[in-house]
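**Q** So the sequence lines, in the order shown, correspond to chains A and B. So in the working numbering, spot 165 of the first sequence is number 167, and the numbers just go up one at a time. So in the working numbering, spot 359 of the second sequence is number 592, and the numbers just go up one at a time.
I should point out that these hints are in silico values taken from the structure, not numbers from a laboratory. Please note that a few of the clues may not be correct.
[As the list claims (entries may be wrong)] To give an idea of the interface, some chain B residues facing chain A are shown, with a C-beta separation under 7 Å as derived from the structure:
no.: 1; residue: 306
no.: 2; residue: 354
no.: 3; residue: 474
no.: 4; residue: 610
no.: 5; residue: 612
no.: 6; residue: 631
no.: 7; residue: 632
no.: 8; residue: 692
no.: 9; residue: 703
no.: 10; residue: 727
Backbone N, C-alpha and C fix where the C-beta goes; we use that ideal spot for every residue, glycine too.
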Amino acid sequence: MKNINVEQYIDSYLKKVSTTQMIIIPLIFLLLSLFILGWSFVSTGTPVELGVEFTGGTIVSVESQLSFEEVQQQFTSQFPDTPPISARDAGGGWVMLQFASMDEAAQMKLNKYLTSNYGSEISLRQMSAEYGQDLQLSAVKAVIYAFLGMAVLVFIIFRSAVPSGAVVLSAFSDIVIAATLMNLFGIALSLGTVAALLMLIGYSIDSDILLTTRLLKRRGKLDDKIKGAMKTGLTMTTTTLAAIFILFLVSTFAQYISSFSRIDIISDISVVLLLGLATDLMNTWMLNTGILKWHLGREVPIGKKKRGRRK
Amino acid sequence: MRDEEVEKGLGRDPRILLMGGAIIISLILLLLPAIFPDMGFGGLRYGLDLDGGSWLQLRPEGAMAQIDTDIGDIITHEYSSFLNTTVTVTGTTDTSVSFEVGTLVTAKQIESLGYGQAAVSVGMGGGSAITLQVDKNHVISRYLENSYKTEVVLSEDRDGLWYEIRKQTSAEELEDILGDVGGSLILYKDGVSQATLVKTKEILEDKLNLFGLSDVKPIIVEREYILIDLAGIDIETALDLAATPGKFEIRIRTEGNESIHAVYGDDIQTVGIHEAHNGVWGVPFTLTQQGAELLKEAAIETNAVNDPLNHEVIMYLDNNIIFSAPLNDRLADNLKIMPVQDMSASFGTDSGSKESAKQLESHLRAGALPVNVEVIGSGQVPASLGSQFKELTAIAGLLAIIMVSFMIYLRYRRREIMLPMIITSISEVVMILGFASAVKWQLDLPAIAGIIVVIGTGIDHLVIITDEVLYEGKLPPTKVYLSRISRAFGIIFAAAATTIVAMICLFWMGFGALKLFALTTIIGVLIGVLIARPAYARIIKEVLKEEQE
Numbered sequence: 003m004k005n006i007n008v009e010q011y012i013d014s015y016l017k018k019v020s021t022t023q024m025i026i027i028p029l030i031f032l033l034l035s036l037f038i039l040g041w042s043f044v045s046t047g048t049p050v051e052l053g054v055e056f057t058g059g060t061i062v063s064v065e066s067q068l069s070f071e072e073v074q075q076q077f078t079s080q081f082p083d084t085p086p087i088s089a090r091d092a093g094g095g096w097v098m099l100q101f102a103s104m105d106e107a108a109q110m111k112l113n114k115y116l117t118s119n120y121g122s123e124i125s126l127r128q129m130s131a132e133y134g135q136d137l138q139l140s141a142v143k144a145v146i147y148a149f150l151g152m153a154v155l156v157f158i159i160f161r162s163a164v165p166s167g168a169v170v171l172s173a174f175s176d177i178v179i180a181a182t183l184m185n186l187f188g189i190a191l192s193l194g195t196v197a198a199l200l201m202l203i204g205y206s207i208d209s210d211i212l213l214t215t216r217l218l219k220r221r222g223k224l225d226d227k228i229k230g231a232m233k234t235g236l237t238m239t240t241t242t243l244a245a246i247f248i249l250f251l252v253s254t255f256a257q258y259i260s261s262f263s264r265i266d267i268i269s270d271i272s273v274v275l276l277l278g279l280a281t282d283l284m285n286t287w288m289l290n291t292g293i294l295k296w297h298l299g300r301e302v303p304i305g306k307k308k309r310g311r312r313k
Numbered sequence: 234m235r236d237e238e239v240e241k242g243l244g245r246d247p248r249i250l251l252m253g254g255a256i257i258i259s260l261i262l263l264l265l266p267a268i269f270p271d272m273g274f275g276g277l278r279y280g281l282d283l284d285g286g287s288w289l290q291l292r293p294e295g296a297m298a299q300i301d302t303d304i305g306d307i308i309t310h311e312y313s314s315f316l317n318t319t320v321t322v323t324g325t326t327d328t329s330v331s332f333e334v335g336t337l338v339t340a341k342q343i344e345s346l347g348y349g350q351a352a353v354s355v356g357m358g359g360g361s362a363i364t365l366q367v368d369k370n371h372v373i374s375r376y377l378e379n380s381y382k383t384e385v386v387l388s389e390d391r392d393g394l395w396y397e398i399r400k401q402t403s404a405e406e407l408e409d410i411l412g413d414v415g416g417s418l419i420l421y422k423d424g425v426s427q428a429t430l431v432k433t434k435e436i437l438e439d440k441l442n443l444f445g446l447s448d449v450k451p452i453i454v455e456r457e458y459i460l461i462d463l464a465g466i467d468i469e470t471a472l473d474l475a476a477t478p479g480k481f482e483i484r485i486r487t488e489g490n491e492s493i494h495a496v497y498g499d500d501i502q503t504v505g506i507h508e509a510h511n512g513v514w515g516v517p518f519t520l521t522q523q524g525a526e527l528l529k530e531a532a533i534e535t536n537a538v539n540d541p542l543n544h545e546v547i548m549y550l551d552n553n554i555i556f557s558a559p560l561n562d563r564l565a566d567n568l569k570i571m572p573v574q575d576m577s578a579s580f581g582t583d584s585g586s587k588e589s590a591k592q593l594e595s596h597l598r599a600g601a602l603p604v605n606v607e608v609i610g611s612g613q614v615p616a617s618l619g620s621q622f623k624e625l626t627a628i629a630g631l632l633a634i635i636m637v638s639f640m641i642y643l644r645y646r647r648r649e650i651m652l653p654m655i656i657t658s659i660s661e662v663v664m665i666l667g668f669a670s671a672v673k674w675q676l677d678l679p680a681i682a683g684i685i686v687v688i689g690t691g692i693d694h695l696v697i698i699t700d701e702v703l704y705e706g707k708l709p710p711t712k713v714y715l716s717r718i719s720r721a722f723g724i725i726f727a728a729a730a731t732t733i734v735a736m737i738c739l740f741w742m743g744f745g746a747l748k749l750f751a752l753t754t755i756i757g758v759l760i761g762v763l764i765a766r767p768a769y770a771r772i773i774k775e776v777l778k779e780e781q782e
């Protein structure tokens, strides 16, 4: 019964939404996102907030009976020159503190204090600001090269400008909108989230390639082909979304059920993938589908013209 | 009867055989240590973030420069400030510089700056005429050594000859120093040569071994950094061991066991390679000008210059005696009148002395790495947190599989489709883990994230195959089936290729932590596309055939 429901939804979606709407709505989101990222770039110097790996600094987690505010207070009075810039409850009795980048001597002092007061049961991560800058550059390069590599590959696979362009545009839009959502939700760019953005390139392309292959290479009515592709594609994305949602829940909220601590890197990766894949639903089934519909619908008159000329 | 045929068909299919074989090998690899714990092979290794421990990322400080300068100018500049008189260069050849100075000097005095061997004659107007046998590169590096008070070595690569300054500096600072002698800087880059990087890594490894950490292997990343993972060691100890240079000190004996301080390790400018000089094994090293002055003062104060045998020179590393010997007579005589920078710690002529010399060299170097290292990143994960992470990711993985099974069931409403899909997915995980244990990868959190991604795309691809095959809701005739399957694989290969391209970029850009993630994803995608998905296509066909018949 449920299967039929899905098909009915797809049917009514394809009937109600015009090709123009399919293309325009995602483009509006894309432009809006570009605007937000640009504005953030102008006002803060980076399109997305940068995590400690990229800015340099120190993240410390200690096990403490005290509340995170009290622990922050304790460290602020102990290290007035390099106070923690933020603190939060990391679950399972752990408190996470973040410090700005400091010099080696200050770092040594902090380490000594930590080991003598909290023993060796502390979690610590420190990156120098200088290395963070190198890393920023590498991250930007990695995303750009990965994207270009993907784009070249797509053009080789389809050997046709408009369908390939549509796939690449949709992947571009996925990344841009995902980055914007990161910006709006205050998710910092960390090594984990850069990885997630790169994964998004691979992930989001799957459904676009499915759609394009089905529409270009299969015979039959265009709407039927779109319907078939949508059914498969939606299954793909929703299963993935479901799995990643679980990952997000467990890595982020396990702390409230039992004494587990949160796993930041997995939490970061899963939340960006969730946002990106949700965006991808729109970009694949509106933007990419819309462009292909317009493109394939346009081809018929061109074919007629050719025949006309031959006469 | 029919069932038997089906079984046979499946059992003989190379794709099924391949996957079956891969799974069995993987399982053996994974379970081996549980049965034979002492074999030291197979099983999973976990990264620091799962097993606990600390890590350091170090950058050797230094600079590489290509330089053009006139050695005559260097000689003029150096000797006029050293002798406090006028210096006039009268001739320069490839191997010598002749110059005149305004005072009477000895060859020893001239040679004490370390530029070369000198021949001195009386010059006009009460001064001296000197001919110095030199090597151009040596003069330049010696000048830089004296200016920076640090070791400067030559290194050659395909871009030409570089002077490696083993100290943090900047292009501006170097230009200033060269400006004093009219020289110019052609090329400059921060960092040290590959050879020095490797040497630094090896010394760190030796040093860690010295403290009983024989399984710690520092690695070089991005041709610039040294990464050290220390399982089970806390960050404080790690920093002490790896990032803090050993404390080196030279003292001179006064009476009995008493001694006075002469020079600290930071006044050791260079350490040479142990060598036999006239058959006597020794380690040459040089002191800074300040160090040479200090040694001279200490030698005079203790009377070692007149009675060397009773006032030995003793070297300490971290308060352990690593060398002790009297000054030789010639050095003692020289120290009476002037500081001496070039020294050699000598042993005997036998092979035991060679070993001692070699050991002293590595001790001198362990005390001072070829270059200072800057800690640019460090971290620690306590073992308790790591084991929590392990549990939590296992729980997340299991829940994710259950969730995916549920979604697939919702969509197809058929257990015969859901089960092969889920089993194929789990097999992929087993094969990736098997591969990881075969090549001794350390599984860390990013790698686990990579595996999850692969499983995600894996399920996507299985859905594509299933939907192509099931287009009309039932299994199509073989010919149509084959064309459908090949189209499905067209989509899958294209999708896999894009993921691999993206991950190769990530791997190639080489962020330390994400390299493993990229590699895991690439291997996982390959295993999925080449082994698991073809086998699934075969299984699903068989399942549907069975169902229809």
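**Q** Indicate, hint by hint, whether the structure satisfies it.
**A** The hints, checked one at a time:
1. The beta carbon of residue 306 (chain B) comes no nearer than 35 Å to any beta carbon in chain A, farther than 7 Å, and the hint placing it at the interface is violated.
2. Contact between residue 354 (chain B) and chain A, as hinted, is not supported at the beta carbon level, the nearest pair being about 53 Å apart and thus beyond 7 Å.
3. For residue 474 (chain B), the interface hint is violated, since its Cβ never comes within 7 Å of a Cβ in chain A; the closest pair sits about 14 Å apart.
4. Because the beta carbon of residue 610 (chain B) sits about 5 Å from the nearest beta carbon in chain A, less than 7 Å, this interface hint is met.
5. A hinted interface residue such as residue 612 (chain B) counts as satisfied when its beta carbon comes closer than 7 Å to some beta carbon of chain A; here the least separation is about 4 Å, so the hint holds.
6. Using the Cβ-Cβ criterion of 7 Å, the hint placing residue 631 (chain B) at the interface with chain A is not satisfied: the shortest such distance is roughly 9 Å.
7. The interface hint given for residue 632 (chain B) is met, as the beta carbon of that residue sits about 5 Å from the closest beta carbon of chain A, less than 7 Å.
8. The interface hint given for residue 692 (chain B) is met, as the beta carbon of that residue sits about 5 Å from the closest beta carbon of chain A, less than 7 Å.
9. For residue 703 (chain B), the shortest C-beta to C-beta distance to chain A is roughly 10 Å, which exceeds 7 Å, and the interface hint is violated.
10. The beta carbon of residue 727 (chain B) is positioned within 7 Å of a beta carbon in chain A (closest approach about 5 Å), and the interface hint is therefore held.
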